[in-house]
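Kindly generate the complete structure, drawing on both the sequences and the hints.
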Amino acid sequence: MLNDLVELLNKNIKDVDAEVLTPENGDHSILIKGKNSFHSAIKFIKENDSISFNALQVISGVDYLDHIEVNYMFANFDKNKPHTAIVKVRLEGRVDPSIDSIVDLYPAADFQERECYDMFGVVFNNHPDPRRILCPYDWEGFPLRKDYMSPKTYAGMDVFPDDKMNMNQREYIVHEKAEVARKKAEEKAASESKTE
Amino acid sequence: MASQNPDNYQLSATEPNVTTEEALKSQLMTLNMGPQHPATHGVLRVEILTDSEVVAKAIPHLGYLHRCMEKHCENLDYRGIIPFVDRLDYLAAMNMELGYALTVEKMAGTEVPRRAQLIRVLVSELQRIASHLMAFGTYAIDLGAFSPFLYAFDEREKILRLFEEISGARLLYNYIWLGGVWNDISEQQLERISEFCDHFEGEVDKYNNLVTHNKIFKDRTCNVGTLTAEDCFAYGATGPVLRGSGVDWDLRKVDPYCGYEEFDFDVPLGAGEEGTIGDCWNRYYVRMKEMKESVKIIRQVLDKIEDGPIMGKVSKVLKLPKGEVYVRTECPRGELGIHLVSEENGKKPYRMKVKSPCFTHTSMLPFMAPGQMIADFVATIGSIDIVLGEVDR
Amino acid sequence: MSTSVETGSFKDYFRGLYQGVTSTAKGMWITFKYVWSHKPVTIEYPEVREVLPEKARMRLYNDSQNCISCTNCANACPVDCIYISSVSRPKGEDIPKTSNGQAIRKILTQFDIDTALCCYCGLCTTVCPTECLTHSHDYEFSQYAVEGFIVDYLDPEVKQWRDRIVKNP
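Protein chains in written order, with the working numbering: chain A, 1 to 196; chain B, 1 to 393; chain C, 1 to 169.
In short, the hints are calculated from the structure, not lab data. Hints are not guaranteed to be accurate.
In silico DSS-like links for lysine-lysine, alpha-carbon gap of 30 Å or less [what the hints assert, rightly or not]: (1) A:79 with B:289; (2) A:184 with C:106; (3) B:158 with A:88; (4) B:316 with A:146; (5) B:348 with A:152; (6) B:347 with A:152; (7) C:39 with B:158; (8) A:184 with C:91; (9) B:71 with A:35; (10) B:289 with C:33.
Derived coverage of chain B by chain C (criterion: at least 3 residues anywhere in the stretch with Cβ under 8 Å from a Cβ of chain C; other residues may be distant) [what the hints assert, rightly or not]: (11) 165–173; (12) 205–215.
For glycine and all other residues, C-beta sits at the position ideal for the given N, C-alpha and C.
Below you can see the structure in the form of structure tokens.
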């Protein structure tokens, strides 16, 4: 079914350059390479006659360090044609990778795109309300990126206070182990000096 | 908050006050509902702009219960994630575990023994009843009726007690493991479930007499917060919200998992007996009818259950091949989808995204709210039955 | 908002009134039945205590005599609330055995569990090779400060509570 859809896409939309990904394990998916015609491709997916999808379920970003992949899970809530599809786009660049928003096609994308921006820093062009959603509005950084380091302080508060995270307890273990190792070394040295 | 980084903080609703008389008359009043409001069922904050008592705009602010669950999962092995998945939707933890277990099993290609599969169906349907009882009780509280809550909790307590006996915990079970279930269910417990089923069908009728067909309740919920089927498709709504709008869509029927295809049950739909199709009353009534359907499934499980092992073959340190899957399951509140990406021989998931039904339903609030009275808005929030643990993850 | 009362005729008004009275009376009848026919289900804690089921997962208890310091539990813990440290036994000393016959090759010097962090998932008890780490039935351990939740299981006091907190003493 995905093959048919990709054929239709390549035939009807200019420069969409779609292909089917068939990994050894897991679900097959559609990769759209032509990012400029992404919006029209999704419009085609929604509105064509033969294989259409009336609902967007989720937008899931994955950070692969060299590119950020955005997965769109579509479904058709029709008992007679219950098909699903995963549509992927790959965005290069760490600073503000961008893709067209599809809120005008699927209102469900509103919160999902905001979450994707919040977690991965993917900028959705023409999004009506591009704010963060789960993190505070003035949070810095994009937490689900693989190279994310959380800030030490936020709004004057410690993000990881020692007393709350049992950091002193953990240090105690390390300290204890070091102490034991030091004692051992001393004993060993003492026994060696005795034998000499 | 706003003073620190104005670029990132563009709250369109709270602009500086204008004090000319004309402006004051045309100005909308901002009302903060939440984060600690009993009707939001958790820590949801909704900023409501009201024109007298009519809601002009509702802006949900999420994230008060954000626990970085997806980030945590990237640093945990596959078994250690189960307690975290429990805490997503803490009122339907069994269904969450089932969704997660099915995802990992699909990736690993694990076969689940028949007894374990039946026990999974059994506990997840019991959990569905418990979750709907909670939805029923709190919805009645939202609308000003207190005693139905106590009746609902009386029955829910029986289910939780049973879960405590089989799994050891009342709310966050860690019971459905990868490849099977943790503990077996004894014959006495199965008998007790059977007794519970006989007793419970009468209880649902009692709730219907008590609340569903009550005139005051119907006046509060009929023709309020109406969603057409097209609205539900556009916003991706699932579960009782979608079925309340008359769309015949239940994953247990459409895309059966975990052996649901062998059970005979109906999918209750909103038919607009009172008011219009897709209003609050229909969504609520779909839940009441679903409880009876769950009882039907449980009876069939009790007939079919047979002796056998309860754990499949799962290696001690579970390593998944490279790939990604997206698995959907039908939870009490809608479709739970888990998108799992794993690396070659990965002990930990590379990425785990949870599609939570409540998050989707929360995104419908700005659409449903305009034009409603504030009291009706409370009824609307209650009827979509959100759990904030799942919204914020 | 368009109820029958607002939009309808006289007839609708009286029908609504009738429905209101009858449906409320029905509900009140159910409530009154509860007054006479149902016994109270509330348990009067602390005078009456519920008997917990056998598998109930409450506060963790470690029998440090049987612990072989394998750190399986600390590795299995999803929230990292178990702190273990141990030293190897000096050469020539007798190696004691646990109750199920495993050799204790290391001397346990620290076994702390932060019960404030613990999520009571039970994963640590399933991996324990000597079954010395178990969930007890003790659920009354409120403390005045967070530090009090860190339980040191090498403390002799723990053994004094043993009768109270261990499931099968």
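Verification of the supplied hints:
no. : hint             : result
1   : A:79 with B:289  : 20 Å, holds
2   : A:184 with C:106 : 15 Å, holds
3   : B:158 with A:88  : 46 Å, violated
4   : B:316 with A:146 : 27 Å, holds
5   : B:348 with A:152 : 26 Å, holds
6   : B:347 with A:152 : 29 Å, holds
7   : C:39 with B:158  : 15 Å, holds
8   : A:184 with C:91  : 13 Å, holds
9   : B:71 with A:35   : 28 Å, holds
10  : B:289 with C:33  : 24 Å, holds
11  : 165–173          : holds (count 6)
12  : 205–215          : holds (count 7)
Hint 3 from the list above is the single one not met by this structure.
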